[in-house]
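Undergrad: Below are the chains, spelled out letter by letter.
2 protein chains.
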Amino acid sequence: MAKFLTNRDENYAQWYNDLVIKADLAENSAVRGCMVIKPNGYAIWEKIQAELDRMFKATGHVNAYFPLFIPKSFFSREAAHVKGFAKECAIVTHYRLKNDETGKNIIVDPSAKLEEELIIRPTSETIIWNSYKNWIHSYRDLPILINQWANVVRWEMRTRLFLRTAEFLWQEGHTAHATREEAIEETLKMINVYAEFAENFMALPVIKGYKSENERFAGALDTYAIEALMQDGKALQAGTSHFLGQNFAKAFDVQFTDKTGKLDYVWATSWGLSTRTIGALIMAHSDNHGLVIPPKLAPVQVIIIPIFKSPGQLSDLSAFAEKIKTDLEKAGLTVKYDDRDNNKPGWKFSDYELKGVPVRIAIGPRDLENMTVEVARRDTLKKVTIPAKEINSFIPPLLDEIQKNIYNKALKFRKENTHYLDKWSDFLEILDNQGGFIMAHWDGTSETEEKIKQETKATIRCIPFDSPAEEGKCIYSGKPSERRVLFARSY
Amino acid sequence: MAKFLTNRDENYAQWYNDLVIKADLAENSAVRGCMVIKPNGYAIWEKIQAELDRMFKATGHVNAYFPLFIPKSFFSREAAHVKGFAKECAIVTHYRLKNDETGKNIIVDPSAKLEEELIIRPTSETIIWNSYKNWIHSYRDLPILINQWANVVRWEMRTRLFLRTAEFLWQEGHTAHATREEAIEETLKMINVYAEFAENFMALPVIKGYKSENERFAGALDTYAIEALMQDGKALQAGTSHFLGQNFAKAFDVQFTDKTGKLDYVWATSWGLSTRTIGALIMAHSDNHGLVIPPKLAPVQVIIIPIFKSPGQLSDLSAFAEKIKTDLEKAGLTVKYDDRDNNKPGWKFSDYELKGVPVRIAIGPRDLENMTVEVARRDTLKKVTIPAKEINSFIPPLLDEIQKNIYNKALKFRKENTHYLDKWSDFLEILDNQGGFIMAHWDGTSETEEKIKQETKATIRCIPFDSPAEEGKCIYSGKPSERRVLFARSY
Chain U
1 MAKFLTNRDE
11 NYAQWYNDLV
21 IKADLAENSA
31 VRGCMVIKPN
41 GYAIWEKIQA
51 ELDRMFKATG
61 HVNAYFPLFI
71 PKSFFSREAA
81 HVKGFAKECA
91 IVTHYRLKND
101 ETGKNIIVDP
111 SAKLEEELII
121 RPTSETIIWN
131 SYKNWIHSYR
141 DLPILINQWA
151 NVVRWEMRTR
161 LFLRTAEFLW
171 QEGHTAHATR
181 EEAIEETLKM
191 INVYAEFAEN
201 FMALPVIKGY
211 KSENERFAGA
221 LDTYAIEALM
231 QDGKALQAGT
241 SHFLGQNFAK
251 AFDVQFTDKT
261 GKLDYVWATS
271 WGLSTRTIGA
281 LIMAHSDNHG
291 LVIPPKLAPV
301 QVIIIPIFKS
311 PGQLSDLSAF
321 AEKIKTDLEK
331 AGLTVKYDDR
341 DNNKPGWKFS
351 DYELKGVPVR
361 IAIGPRDLEN
371 MTVEVARRDT
381 LKKVTIPAKE
391 INSFIPPLLD
401 EIQKNIYNKA
411 LKFRKENTHY
421 LDKWSDFLEI
431 LDNQGGFIMA
441 HWDGTSETEE
451 KIKQETKATI
461 RCIPFDSPAE
471 EGKCIYSGKP
481 SERRVLFARS
491 Y
Chain C
1 MAKFLTNRDE
11 NYAQWYNDLV
21 IKADLAENSA
31 VRGCMVIKPN
41 GYAIWEKIQA
51 ELDRMFKATG
61 HVNAYFPLFI
71 PKSFFSREAA
81 HVKGFAKECA
91 IVTHYRLKND
101 ETGKNIIVDP
111 SAKLEEELII
121 RPTSETIIWN
131 SYKNWIHSYR
141 DLPILINQWA
151 NVVRWEMRTR
161 LFLRTAEFLW
171 QEGHTAHATR
181 EEAIEETLKM
191 INVYAEFAEN
201 FMALPVIKGY
211 KSENERFAGA
221 LDTYAIEALM
231 QDGKALQAGT
241 SHFLGQNFAK
251 AFDVQFTDKT
261 GKLDYVWATS
271 WGLSTRTIGA
281 LIMAHSDNHG
291 LVIPPKLAPV
301 QVIIIPIFKS
311 PGQLSDLSAF
321 AEKIKTDLEK
331 AGLTVKYDDR
341 DNNKPGWKFS
351 DYELKGVPVR
361 IAIGPRDLEN
371 MTVEVARRDT
381 LKKVTIPAKE
391 INSFIPPLLD
401 EIQKNIYNKA
411 LKFRKENTHY
421 LDKWSDFLEI
431 LDNQGGFIMA
441 HWDGTSETEE
451 KIKQETKATI
461 RCIPFDSPAE
471 EGKCIYSGKP
481 SERRVLFARS
491 Y
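Residue numbers (my numbering), protein chains in the order written: chain U, 1 to 491; chain C, 1 to 491.
Chain U with its partners taken away, still in its complex shape (with noise of 0.2 Å):
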């Protein structure tokens, strides 16, 4: 266990601090609420960026830039989505700096005030729409399949790197349809592969469903999310798809020609995944020697460590490493060769632990005589001796079997903490003394929702799409129920 890390099991919260700083991932900046994302952090969400933005142009889309601010107008005409973000914004009101009457201190220059207020975007759909207003006027120019990477700015009052802060940077995607049947497709596209990526490269399982009418986002008709379950028993969303209906073309004025010549509003999507995503990665499964980074996100996947005494040794191990770092290069894995000499090989063992590197390659002198290396896996940490010419068909293997089984823990982990609940007492007494996901009846209301919120801080994290349907009760209110929802304690 890394010592300079709190335990997991002692004090969760602690733990995921301490991981992120020790682990080089992210640190807190001079600007409340704002993040530094240091390299090690930001090369995983490269890795993150570059896997959705390949799946977004396969599907069909195209990125575009729009800009930072959002004219206060603009914000106010859709009249849901100004009031979920109002409380929260960063607000630019002047443009000039100058010195003080003293000479001596420098002042926002009161003469240089805007006329009209510009937001620093939370989201774009309002700036957004008001471009495709110009862009749009027949059924020719749909649909409009456009993503963009941003910086976006919500004026949390309390955060966490990665989980929430002030800054953060996301992708998200504004899609316009000429009908609402092809927009609610787009927005189950969308939400599926955010769940084949979650699955497949984050090792996440997660449920796909709908949020209910409190969850949803502030104008849409409809969210759909993934939801992932974290190792302190607490959901993480992470990520949404917004089908918007018309309520963004009406707000703008956005119409269009169909094919039979009749004037209709346009549809809409919007989805959207976040650094928040890192944040995920870390907590569902990382453990008390530090990060465990699926091998399709890690930024290096092996490391090769040498063993030596002498500048000598040194000196033939790194011919003999060199050679299997470029095999293995060539097999398309990301290495790196560690042959500083100012740090032992066991502060190297542990601090790429702490870093998750998946797979840890040593090779000593011995090594070297016997031409065999001994490789490390980081999910297990079970160590094996293989011979040296073995590397390139044992190691890609390695990797995709670690891949597996850390999806395959996480899997496990959350059966093991889902829980099917018909009576209030067990629903109460599982989230104060397990945690984990609950699948229980819900009578449909807002106002039941509302009261289990307040009584227990769970709130419905989604409606699976694939809970199947069946006669209950609702937990609560004990009301007629149609189907069980997925309740939780959520980040």
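In case anyone wonders, no lab produced these hints; they're calculated from the structure.
Treat the hints with care, as some may be off.
One copy or any two copies: either way a pair holds, since identical chains are not told apart in the list.
Claimed, not checked - Straight-line Cα separation of at most 30 Å, DSSO-like style, residue types lysine-lysine; simulated pairs:
#1 Lys344 <-> Lys57
#2 Lys457 <-> Lys47
#3 Lys382 <-> Lys309
#4 Lys296 <-> Lys47
#5 Lys296 <-> Lys189
#6 Lys83 <-> Lys336
#7 Lys47 <-> Lys57
#8 Lys104 <-> Lys133
#9 Lys309 <-> Lys389
#10 Lys250 <-> Lys348
#11 Lys344 <-> Lys133
#12 Lys208 <-> Lys479
#13 Lys208 <-> Lys189
Guided by the hints, dock chain C onto chain U, whose structure is given.
TA: Showing chain C alone in chain U's frame:
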């Protein structure tokens, strides 16, 4: 000539603006001075990003992300820096909106005023060096070689799409070093990376050199730049690399212990290249038919257009076209097949010329019969018919040739428009009647430089690295000079 474009030779500025709009690269947004980068324009930026990012990583750099906001007090710490940027800042003063008394209007909540105003980063030296302070203690922590891809805001009063916008996208490198020599070496290395990128990818010949004191980055001891010549005879600065000395280390008190145990301030560089380069790309190569994009940065390199009269013909041609497409894609090219039936081939020809696709392959029924295709290149507009079986040996070298030809054409233009002048009357005459680069002697004083600027609007673009020692007299003051410098009017 594309009829809807203003003639380049009649009104260059209007031609440029028409082209950006008609080729669907970008447009002005509802927010003053901010542009929307449309998918066609953003696709070029993605190509630029991919190549530069690869080059940065190959030279040992890693990416990270620092906050959008800079506390006003940080901004003020480096005196020259704040002087340079204070007049064009977007300033966040509040963090909440609310309903007014009538409940009908949304206003800024006066009770949500920030204690300290936040500046939207116009560049990130201050926020980054405030972080580096905590990262650097010993020479072992150096060098730090970090790059950031980000948006920045400079509240420009007169804006033009890509060339000068209030918000723009860029990358900014910020490095920290133990010695002056190492920092200067880095500054030079990165201007060389920019020059290599400009010449090899943008097909844009550039002159590398030092900026005069007047034109240096606010806070730098030295600024190196690459300068390119546009087709209207004006210069454009396409990238800069700054040697910052110890200025920011002193402003943020960043000291380190060197190998001998002595405390010293850290040495710094920063370097940036922005979406402005897309403007340079357009202005350097394009013509009255539209964009000319060098193949290495073209989002689509080959467009295939079928010429057909009936759906049956189209079906036969499509099988042929898809085979060509697949073969070329296997060779690593980006190919699009446009089989839309709502536009005539002639319309498509013009449209892809406008959008600058380097190579067009047209196939008609007779081609199918003869197993030939017609290949047209965008740079020269020349067409040739070749046997279909030669496509894969013909097209890749053709793209290389187009890349080279675009570069050579720009280089020839620059040579023809570079004037070595020694008389002030010639200087004035050339500037007013021909434009271009002027290599002339200068006495080295800011005073003379300023007077030349006031009288002619020409500035010293740079003191070229390779300008040979040559005794001469300043073209304006007649005082002695040791080498020629590069003058031009500029964007």
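Undergrad: Go through the copies and call it for Lys208 and Lys479: within, between, both or neither, with a Cα cutoff of 30 Å.
TA: Within. Shortest intra-copy distance 25 Å satisfies the 30 Å Cα cut-off; inter-copy 77 Å does not.
Undergrad: If the cut is 30 Å between Cα atoms, do Lys47 and Lys57 qualify within a copy, between copies, both or neither?
TA: Result: close both inside a copy and across copies, 16 Å intra and 15 Å inter.
Undergrad: With 30 Å as the alpha-carbon cut-off, assign the pair Lys457 and Lys47 to within, between, both or neither.
TA: Neither: 34 Å inside a copy, 47 Å across copies.
Undergrad: Classify it for me, Lys296 with Lys189: is the Cα-Cα distance of at most 30 Å met within a copy, between copies, both or neither?
TA: within (22 Å within a copy, 33 Å between copies)
Undergrad: For Lys344 vs Lys133, is the C-alpha pair at or below 30 Å within one copy, between two copies, both, or neither?
TA: between (62 Å within a copy, 27 Å between copies)
Undergrad: Pop the pair Lys208 and Lys189 into one bin, within, between, both or neither, using alpha-carbon distances up to 30 Å.
TA: Intra 12 Å, inter 49 Å, cutoff 30 Å: intra-copy only.
Undergrad: At most 30 Å between CA atoms: does that hold for Lys83 and Lys336 within a copy, between copies, both, or neither?
TA: neither (49 Å within a copy, 44 Å between copies)
Undergrad: How do Lys250 and Lys348 come out at 30 Å by Cα distance, when the copy is not named: within, between, both, or neither?
TA: neither (59 Å within a copy, 34 Å between copies)
Undergrad: Have a look at Lys104 and Lys133 and pick one of within, between, both or neither, based on CA distance no larger than 30 Å.
TA: So Lys104 and Lys133 pass the 30 Å test across copies only (25 Å; inside, 48 Å).
Undergrad: Is the C-alpha distance from Lys309 to Lys389 at most 30 Å within one copy, between copies, in both cases, or in neither?
TA: Within one copy, since 25 Å is at most 30 Å while 61 Å is not.
Undergrad: As a check of your reading, is Lys382 near Lys309 (CA-CA no more than 30 Å) within one copy, between copies, both or neither?
TA: within (25 Å within a copy, 67 Å between copies)
Undergrad: Should Lys344 paired with Lys57 be assigned to within, between, both, or neither, using CA atoms and 30 Å as the limit?
TA: between (45 Å within a copy, 27 Å between copies)
When held up to the earlier numbered hints, the structure conflicts with 2, 6 and 10 and fits the remainder.
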